[in-house]
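First to last, the protein sequences are chains A and B. For the first sequence, our numbering assigns the number 1 to the initial residue and increments by one for each residue that follows. For the second sequence, our numbering assigns the number 1 to the initial residue and increments by one for each residue that follows.
It cannot be assumed that every hint is accurate.
Claimed, not checked - DSS-like cross-link-like pairs, simulated, lysine-lysine; straight-line CA separation at most 25 Å:
#	chain 1	residue 1	chain 2	residue 2
1	A	Lys-188	A	Lys-146
2	A	Lys-181	B	Lys-28
3	A	Lys-49	B	Lys-28
4	B	Lys-87	B	Lys-63
5	B	Lys-121	A	Lys-193
6	B	Lys-28	A	Lys-193
7	B	Lys-28	B	Lys-260
8	A	Lys-181	B	Lys-211
9	B	Lys-121	B	Lys-20
10	A	Lys-189	B	Lys-260
11	B	Lys-227	A	Lys-188
Please keep in mind that the hints were generated in silico from the structure rather than gathered at the bench.
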Amino acid sequence: MYPATGFTKGQVIDFYTRAAPALLPHLRGRPLTLKRYPNGVEGKFFYEKNCPSHRPDWVQTARVDEIDYCLCDDLPTLVWMANLADLELHPSLSLAEEIERPTVMAFDLDPGEPAAIMECREVALLLRETLERIGLECFPKTSGSKGIQVYAPLNSDGVTYDDTKPLSEALARHLEAEHPKLIVSQQKKELRKGKVLIDWSQNDEHKTTVSVYSLRARERPTVSTPLTWEELEAAEGPDDLSFTPDEVLERLEEHGDLFSPVQELQQQLPRL
Amino acid sequence: MPRAIWSGAISFGLVNIPVKLFSAVSRKTVRFHQLDGEDNQRIQQKRVNPRTGEEVPYENLVKGYEIGPERYVVITPEELDGLSPEKTRTIDIEDFVDLDEIDPIFYDHPYYLVPDKGAEKAYRLLLDAMEAANKVAIARVVIRSKENLVAIRPRGDVLTMETLLFGDEVIEPDQLDGVPEAADQKKTSKRELDMAQQLIDSLSSEFDPDKYRDEYRDRVLDMIERKSQGEDVVVEVPAEEPKKVPDLMAALEASIAESKQQSKPKKKAASSSNGSKSSSSKSSSRKKPAAKKPAAKKS
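Based on the sequences and whatever the hints tell you, model everything.
Here it is as structure tokens:
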């Protein structure tokens with residue numbers, strides 16, 4: 001699948017199998033968009049929202065907005081997807097049964113060149129401070145690609161995207177105003193050069209964000225990897241913020257799932 | 001890095017200057033593929049004989065030139081090969097002319113000529129001489145069995161080569177409807193002319209190609225990039241309910257200011273290690289992984 005390093009589909013399946021105990025809780029019950037690379041990362045890919053019609057009958061699906069999404073609830077389904085060369089897993093921020101209720105508020109920190117992951121690190125730390133000030137604990141992960149994502153778990157009844165989207169935008173705009181040389185809050189490409197986009201727009205019922213422990217289809221296999229804030233603070237260079245599948249499995253063995261609070265921690269949005 | 005598309009030599013009197021040819025254009029037009037909207041498969045195009053409905057194998061294909069309705073002259077590749085211009089691999093300079101003698105309408109496609117190994121000195125000499133004479137060379141060259149008329153001119157430290165349209169490839173304006181003829185032109189008054197010229201003067205500036213961008217392309221690429229990063233937007237979601245954001249901004253800032261007053265903040269986010277206000281912070285009890293080891297070697 002990754003010709004540059006010789007990482008094979010067998011290894012993809014092996015990685016997902018071993019990561020499954022930590023990964024599955026983050027996928028369970030969520031409409032999943034597959035991103036498939038039938039000819040490896042150097043070939044063409046496609047997004048698949050509709051669960052393939054040739055799926056085995058034990059693959060669970062959920063109908064949302066006229067689309068039958070796959071639900072990746074168990075190991076067999078995960079292996080089946082990996083075997084379809086679904087390298088990247090992009091779940092919804094909601095559970096299928098309550099699609100209008102996000103369980104998390106997510107921020108995708110995306111660097112515009114020449115800014116890179118170390119700038120994202122800086123922004124993640126600023127974002128964390130701001131979220132703490134409004135009473136929200138949050139958790140960082142690498143996107144596995146160029147950036148960092150920060151998740152503020154909610155897991156609370158009654159939350160809608162009408163709450164998280166404006167709030168996340170306001171937070172992004174606030175940080176942009178405080179650090180105009182480092183941060184932008186709008187997608188416009190011409191604004192993003194050398195800065196980090198705090199992309200709040202993924203707080204939307206119709207969007208997906210790459211899952212923690214998902215492989216990324218880069219030249220080399222890298223994984224969206226959760227970190228502790230201490231690690232993020234201590235990171236000295238991009239190498240400290242890029243993780244191979246083997247490294248991720250080692251980390252899981254050592255620390256367990258650092259992202260488990262994202263599924264468990266209940267937090268209320270501040271009343272503003 | 002662009003790759004040379006051809007190599008040969010500029011032939012100039014008795015001198016041969018080996019060069020490589022590079023296209024000077026990288027088209028930025030956004031190209032799409034056709035997919036089946038049902039399952040996003042790339043569609044295939046097949047060559048089908050409409051009479052039999054059967055697919056025609058590649059080796060059965062011949063070229064036909066239509067001389068009348070459903071009447072073709074069939075030409076084999078060998079017959080065409082016999083007519084191809086001789087592949088000389090030289091760019092034969094025939095004339096030197098002044099640049100402004102060439103009507104820009106004839107320019108077809110720009111290329112760069114780069115000296116091949118060992119030819120730097122002769123190349124430089126030709127470049128400097130043309131620069132000094134302020135001349136453009138008109139030459140012939142065969143590239144991919146097509147004969148081309150080209151204009152070679154110095155541009156800084158490099159020679160450019162523009163393919164030129166042949167005279168009969170340019171459509172003359174008299175073949176167009178509505179082109180005014182000099183004879184039945186209504187006379188323009190001196191005053192009108194002065195005003196028009198004034199307007200032109202006021203808009204006159206230096207030509208700066210960087211000033212102009214294909215904004216449509218930028219928007220399309222921007223959308224593609226967002227989608228390729230895992231967002232599944234179908235263009236901007238049109239007008240969601242009136243934005244609550246500005247109000248929220250004020251409230252947010254007030255809340256943050258208040259929080260800053262309560263707890264003298266840690267100087268920098270970077271120096272903070274734990275959530276200060278969060279009600280159910282668990283991070284302190286979690287194990288801290290050691291700093292990451294050097295990247296593991298990959299098979």
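Going through the hints against the structure:
1. A:Lys-188 x A:Lys-146: The given pair, whose Cα atoms are some 18 Å apart, holds under the 25 Å limit.
2. A:Lys-181 x B:Lys-28: Distance ~30 Å between Lys-181 (chain A) and Lys-28 (chain B) Cα, so the pair is violated.
3. A:Lys-49 x B:Lys-28: This hinted pair is violated, its Cα atoms lying about 30 Å apart.
4. B:Lys-87 x B:Lys-63: Given that 25 Å is the threshold and the Cα spacing comes to 22 Å, the pair holds.
5. B:Lys-121 x A:Lys-193: violated (41 Å)
6. B:Lys-28 x A:Lys-193: Holds, at about 20 Å.
7. B:Lys-28 x B:Lys-260: Violated. Lys-28 (chain B) to Lys-260 (chain B) sits at ~49 Å, over the 25 Å cutoff.
8. A:Lys-181 x B:Lys-211: holds (24 Å)
9. B:Lys-121 x B:Lys-20: Holds - the C-alpha atoms of Lys-20 (chain B) and Lys-121 (chain B) are around 15 Å apart, at most 25 Å.
10. A:Lys-189 x B:Lys-260: Judged against 25 Å, a Cα distance of about 33 Å means the pair is violated.
11. B:Lys-227 x A:Lys-188: holds (14 Å)
This entry does not satisfy hints 2, 3, 5, 7, 10, going by the numbered hints stated previously.
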